[in-house]
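Position chains D, B and F against the provided structure of chain H, taking the given hints into account.
Chains as they are written, first to last, in the numbering used here: chain H, 1 to 346; chain D, 1 to 346; chain B, 1 to 346; chain F, 1 to 346.
To be clear, the hints were calculated from the coordinates, so they are not data collected in a lab. Computed from a predicted structure; not experimentally measured. Treat each hint with caution, since some may be false.
[As the list claims (entries may be wrong)] Taking lysine-lysine pairs in the DSS-like style, the calculated list, with each CA pair at most 27 Å apart, reads: (1) D/K253 - B/K306; (2) D/K253 - B/K105; (3) H/K222 - F/K306; (4) D/K253 - B/K25; (5) D/K306 - B/K266; (6) H/K254 - F/K207; (7) F/K40 - H/K306; (8) H/K207 - F/K222; (9) H/K253 - F/K40; (10) D/K257 - H/K40; (11) H/K222 - F/K253; (12) D/K207 - B/K253; (13) D/K266 - B/K207; (14) H/K40 - D/K112; (15) D/K40 - H/K263; (16) B/K254 - D/K112; (17) H/K253 - F/K25; (18) D/K40 - F/K207; (19) D/K112 - B/K306; (20) D/K253 - B/K227; (21) F/K306 - H/K306; (22) F/K40 - D/K207; (23) H/K263 - F/K207; (24) D/K254 - B/K25; (25) D/K227 - B/K254; (26) F/K87 - H/K112; (27) H/K57 - D/K112; (28) F/K306 - B/K25; (29) B/K207 - H/K207; (30) F/K40 - B/K266; (31) H/K253 - F/K207; (32) D/K306 - B/K253; (33) B/K40 - H/K40; (34) D/K253 - B/K40.
[Claimed, not checked] Rough simulated footprint, nothing fancy, chain F against chain B, three-plus residues with beta-carbon under 8 Å: (35) 48-55; (36) 281-289.
We put the beta carbon where it would ideally sit given N, CA and C, even for glycine.
There are 4 protein chains.
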Amino acid sequence: MLKVAILGGSGYTGLELLRILARHKGVEVGSVTSRQYSGKRIPEVFPCLRGYYDNLKFTEPSGFPGMDAELFFLSLPHGASQEVAPKLLKGGKRIVDLSADFRLKDPRVYEKWYGRHKSKGLLKYAVYGLPELFREEIKTASLVANPGCYPTSALLALAPFFNGDLRGVIDAGSIIIDSKSGVSGAGRAPTLETSFVEISEGFRAYKVASHRHTPEMEEVLKGLSGKNITLTFTPHLLPVARGILTTVYAGIKKPVKTAALLKYYKDYYRGEPFVRVCGDGTLPDIRFVRGSNYCDIGLEVDERTKRVIIISAIDNLVKGASGQAVQNMNIMSGFDEQEALNAPPV
Amino acid sequence: MLKVAILGGSGYTGLELLRILARHKGVEVGSVTSRQYSGKRIPEVFPCLRGYYDNLKFTEPSGFPGMDAELFFLSLPHGASQEVAPKLLKGGKRIVDLSADFRLKDPRVYEKWYGRHKSKGLLKYAVYGLPELFREEIKTASLVANPGCYPTSALLALAPFFNGDLRGVIDAGSIIIDSKSGVSGAGRAPTLETSFVEISEGFRAYKVASHRHTPEMEEVLKGLSGKNITLTFTPHLLPVARGILTTVYAGIKKPVKTAALLKYYKDYYRGEPFVRVCGDGTLPDIRFVRGSNYCDIGLEVDERTKRVIIISAIDNLVKGASGQAVQNMNIMSGFDEQEALNAPPV
Amino acid sequence: MLKVAILGGSGYTGLELLRILARHKGVEVGSVTSRQYSGKRIPEVFPCLRGYYDNLKFTEPSGFPGMDAELFFLSLPHGASQEVAPKLLKGGKRIVDLSADFRLKDPRVYEKWYGRHKSKGLLKYAVYGLPELFREEIKTASLVANPGCYPTSALLALAPFFNGDLRGVIDAGSIIIDSKSGVSGAGRAPTLETSFVEISEGFRAYKVASHRHTPEMEEVLKGLSGKNITLTFTPHLLPVARGILTTVYAGIKKPVKTAALLKYYKDYYRGEPFVRVCGDGTLPDIRFVRGSNYCDIGLEVDERTKRVIIISAIDNLVKGASGQAVQNMNIMSGFDEQEALNAPPV
Amino acid sequence: MLKVAILGGSGYTGLELLRILARHKGVEVGSVTSRQYSGKRIPEVFPCLRGYYDNLKFTEPSGFPGMDAELFFLSLPHGASQEVAPKLLKGGKRIVDLSADFRLKDPRVYEKWYGRHKSKGLLKYAVYGLPELFREEIKTASLVANPGCYPTSALLALAPFFNGDLRGVIDAGSIIIDSKSGVSGAGRAPTLETSFVEISEGFRAYKVASHRHTPEMEEVLKGLSGKNITLTFTPHLLPVARGILTTVYAGIKKPVKTAALLKYYKDYYRGEPFVRVCGDGTLPDIRFVRGSNYCDIGLEVDERTKRVIIISAIDNLVKGASGQAVQNMNIMSGFDEQEALNAPPV
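With the rest of the complex left out, here is chain H:
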């Protein structure tokens, strides 16, 4: 049994890690930290987990509990992983970090969007945990930076145009990413903006042209293509708990047909256990991936305007966070990549 620890386990990504790992045959959750709930048993905080972890209590994060664990999931607030990671790595631990702390490689880009970084040296060392693109590097990584939810949905939608035969088909300067996310992406801390009455029957954009996931997408695409990429990204807030639908627009430079692109996408993602390319005429819906680790992708060429519209759907808490974190752990630890993740959506 692989012993794991979850640092910062009382938010929605912590809850999802616990939910998913409850079904994992090769993993034991040794400790879960939470400043707020320290001393409480897991099901007291998350009644849906009654019957699971009945004897596991949240522990104080101070004093590095759980050091008997081999692998650590970091579900800490922004900036905290930078402090914890160096010590864990020195102790020979492996890390899947769910924060944004290690997702960017270029310290200047990090500091422009996020501010000062306390462990700059680790940025290059961290592996970007999108298995469909970086599976080999993940296998041997000590520090995996679990991708942001929006970048996961956008990068899987765009990747086939960036590292294969379709290179050069789209105009890289024309990319527009219009994303719509469920509210759980905003975290579990109560705010007026995410209260039921303020969200219910509403819909709006936020952080237009200024969301911090923008440079994350740009840097990965630059890494794939070798060229600087600048893109427009607009996130919106859906009145649902879970799910991200991303609609990507890009100008096409060569005539292509919808059916041919779909066939290419199917080939590109053949063998990937968690990417499902839709058939011609069908499109993703966040409902069809709910609770699962799938990313569904569909597309349509607009021949009138010479653009391709690519649409992807994920569950922001699963493929967009904790499910992908477990997928990374499975790859790092030699488990079947689908272990604990192979259930149909609900």
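Okay, now just chains D, B and F, sitting in the frame of chain H:
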């Protein structure tokens, strides 16, 4: 591998059977019938199941397909199981019937609430598939009548008062059952009443004092207690897809305390894998059982008015239908009772 | 023009008062207080009111602003109206208090459920602002206690059995009130319990047998009937922003028919502008009163169990709070009772 | 009193017309037709309107009822207005047509997207009923084509760039319109696609690059600018009953600042009663216009990518349909343009 067939597999209970059985290690779904979708592959109709059953097609129900199956799930409209069941039983097949056709034992009660029955003789023969009350009978049954969703939630809430030390504590004539159900309980056929705009932001009662699940509850309680029971049942329609919360009111004839009753309930359901009794001060929420086979139960004594209020929560499509059907199949076929059902709620 | 002030105007009842009064032809809102938003213009806090009150700013509550107003709406937290009311009344102001501070007449009952009261002497003096029952008293009242949302829905459902020809038809000791409310009833302050993700797709009971609206209902019914009434009340939380549906159960002591009761209810409420009695076979839905000051009422006799089930629907923020407050103001100030309230539900 | 008739009054646009006109001081609804509900009184079909139109019955559409009316609202299915309009116009009636039949001026464009038109000659004659752009023409029009819901939201967002000082600032070939609509836009006829369970907790795009509102937007923008415009339009389906949020992307050819654009928009729409331009840093939300005739507009310049993102919000049933139809009627008939439409959002 146990080969099973699903007759009438294109509704929500059919979809849930397919979703749950996809994870079952000992079962193979040999055929699924659907008049409407005959010839289509499962994921064409249920895109959430893409990657599962990719090569299984819905077949025409006529001509008894799937006769190589050993066990049949009947998800047919009201009245249809009566026609199919005798032939299947003659062929040596075992049946879990998700309709109301075989839930009542007394033909007169059936005919009063439902009309004429075409296989009256089978009524006594059928076993009521609520494992927490009738596990032994289910083991050897050929024909299991899977309980209605409302009765499942109400009977598990009330049973401890009817067949154990608490007998006589409540006034059986005072029982009022106020239930609230998600919309999927109304089935998948499109109607104005269940369209999004007519349900969204709404809430209402329906079939007040006239819902057909009433005699089903009364008959089971009569069976447990040996006395005629008449109760008031009011179903309501919640603006959610899944879940039933049932609030039961009953007058108490002897002084009892909340804590003592909870302790009794915990003892009563000890060892039951799918009933979770809430601790003192906590109450069930349909959100905490969503997608799972659990029935959560809590209660409170109102000492001012000498009543007990018992509250239970289930997912109407899982413990209230397809999950319980798989639980019954597991019991009938000697599988681990939790097989394919042991995942935490989403 | 009647000048009014709103003390504590930044919650949902404050917002609703502003929304409704924007259409009132005889009223000018002179000042609105808010500690949190002091100095901000109304539409900065409530963007839906852009174009209305564009030049009105929230003011600090200290120092009794708005003393040029003749009538005060108090939308203050529990306990605060007790401190403010005596000073306003001394200044000759009239008050509609939306808090619970003056709803109960008996100080002992108040202190049992709420704790110490700072202006006990005013309790008897305050008029309970349910116009359908106390219109005459409201006309000349200086201090109107606007009813709680749950009591409004329950009392309008029950009143015809308590002060007219139907007296004695129901067993007063048998009354059970099962209510379901939208989340706005919990107020605007952000909490984990009312955050979108914790409410969405959920449904649960809360404060079972212990909600403070219980004695309010009991006292009004006692006032109507002259007898002590003890009832069971269970509130539930619906995943919608607005609306209360209340299902009332009561044993009947004499044989009555649904149609006869409905006819009686229609007669009883004839001329009432905001009570709509449903026809036979139709039932209230919170969707049909949304945004309006209506209370819709339907009922059904369960002849098998000798009970009547009465169902009422209101918008908790309108008839359950701010709409009723404006209705009271209209009555107190000699306006048409329907002024600013006569729009169909949305 | 202006007597009006509603042909096809049993859908959501019919219901909204009735709701809005109930408050109109100068209008009497003389007749409402409905094949399905002929003979029923309005509140029997729409219980929310109980207390309004209690004595008005739906009538059979055949035989041209309501010919004593002066103005006709046509809420008929696609293609039906073409047959009715010529006869009404010959009879001297004035028409506000809520269908797509007369929105396009160019018969070839109509036939490409919709098929054959039975009253081609009337296309040029009809006035496009977007008051903010065509108020003068509407005043004297006999046949007003009420705009589509998506075009209303997109055209009000884009118009300032097309007929004033900002001409030439955006690259007309770069326009992408990403819209998200509530489900009521799909009409009231029950379908599987719009049933509660299929929509709830879901979100998806539909008719990507092929929706019939595309040529409507293109033709109006061409009319304003004198140039052919080709744009990409992607509609999505939100799990809410009402509201459209449209996110428009366009490349900018000259350096402009967000604040300067907002100031220009405010000037451009100054005096318009139903367009509200958001302040810097605030953005529209469909919740803030719900139930009202407002169109809220905000924008942001993405200086990194040289694009402007314009966001507008309307209630698809009000400004996107029936509210705008009443606004057009008010203009045509000399009423105050805001009559019956001047209430704050709910």
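Taking the hints in turn, this is what the structure says about them:
1. D/K253 - B/K306: holds (20 Å)
2. D/K253 - B/K105: violated (32 Å)
3. H/K222 - F/K306: holds (19 Å)
4. D/K253 - B/K25: violated (58 Å)
5. D/K306 - B/K266: violated (34 Å)
6. H/K254 - F/K207: holds (23 Å)
7. F/K40 - H/K306: Violated, at roughly 51 Å.
8. H/K207 - F/K222: Cα-Cα ~32 Å, so violated.
9. H/K253 - F/K40: Since the Cα atoms of H/K253 and F/K40 sit roughly 59 Å apart, the hinted pair is violated (cutoff 27 Å).
10. D/K257 - H/K40: Status holds; Cα separation ~26 Å.
11. H/K222 - F/K253: holds (25 Å)
12. D/K207 - B/K253: holds (23 Å)
13. D/K266 - B/K207: holds (22 Å)
14. H/K40 - D/K112: Since the Cα atoms of H/K40 and D/K112 sit roughly 53 Å apart, the hinted pair is violated (cutoff 27 Å).
15. D/K40 - H/K263: holds (21 Å)
16. B/K254 - D/K112: Answer holds: B/K254 to D/K112 is near 26 Å, not above 27 Å.
17. H/K253 - F/K25: violated (58 Å)
18. D/K40 - F/K207: Between D/K40 and F/K207 the Cα gap is close to 23 Å, so the pair holds against 27 Å.
19. D/K112 - B/K306: Between D/K112 and B/K306 the Cα gap is close to 19 Å, so the pair holds against 27 Å.
20. D/K253 - B/K227: Holds, at roughly 23 Å.
21. F/K306 - H/K306: holds (20 Å)
22. F/K40 - D/K207: Within the cut-off at roughly 23 Å; holds.
23. H/K263 - F/K207: Given that 27 Å is the threshold and the Cα spacing comes to 20 Å, the pair holds.
24. D/K254 - B/K25: Roughly 60 Å separates the two Cα atoms, so the pair is violated.
25. D/K227 - B/K254: holds (25 Å)
26. F/K87 - H/K112: Given pair F/K87, H/K112 is violated - Cα atoms ~67 Å apart, limit 27 Å.
27. H/K57 - D/K112: This hinted pair is violated, its Cα atoms lying about 54 Å apart.
28. F/K306 - B/K25: Not OK: F/K306 and B/K25 at ~48 Å, beyond 27 Å, violated.
29. B/K207 - H/K207: violated (39 Å)
30. F/K40 - B/K266: holds (21 Å)
31. H/K253 - F/K207: Given pair H/K253, F/K207 holds - Cα atoms ~23 Å apart, limit 27 Å.
32. D/K306 - B/K253: Between D/K306 and B/K253 the Cα gap is close to 20 Å, so the pair holds against 27 Å.
33. B/K40 - H/K40: violated (41 Å)
34. D/K253 - B/K40: Violated, at roughly 59 Å.
35. 48-55: holds (count 5)
36. 281-289: Coverage by chain F holds for the region 281-289 of chain B (5 residues, Cβ < 8 Å).
Of the numbered hints listed earlier, those contradicted by the structure are 2, 4, 5, 7, 8, 9, 14, 17, 24, 26, 27, 28, 29, 33, 34.
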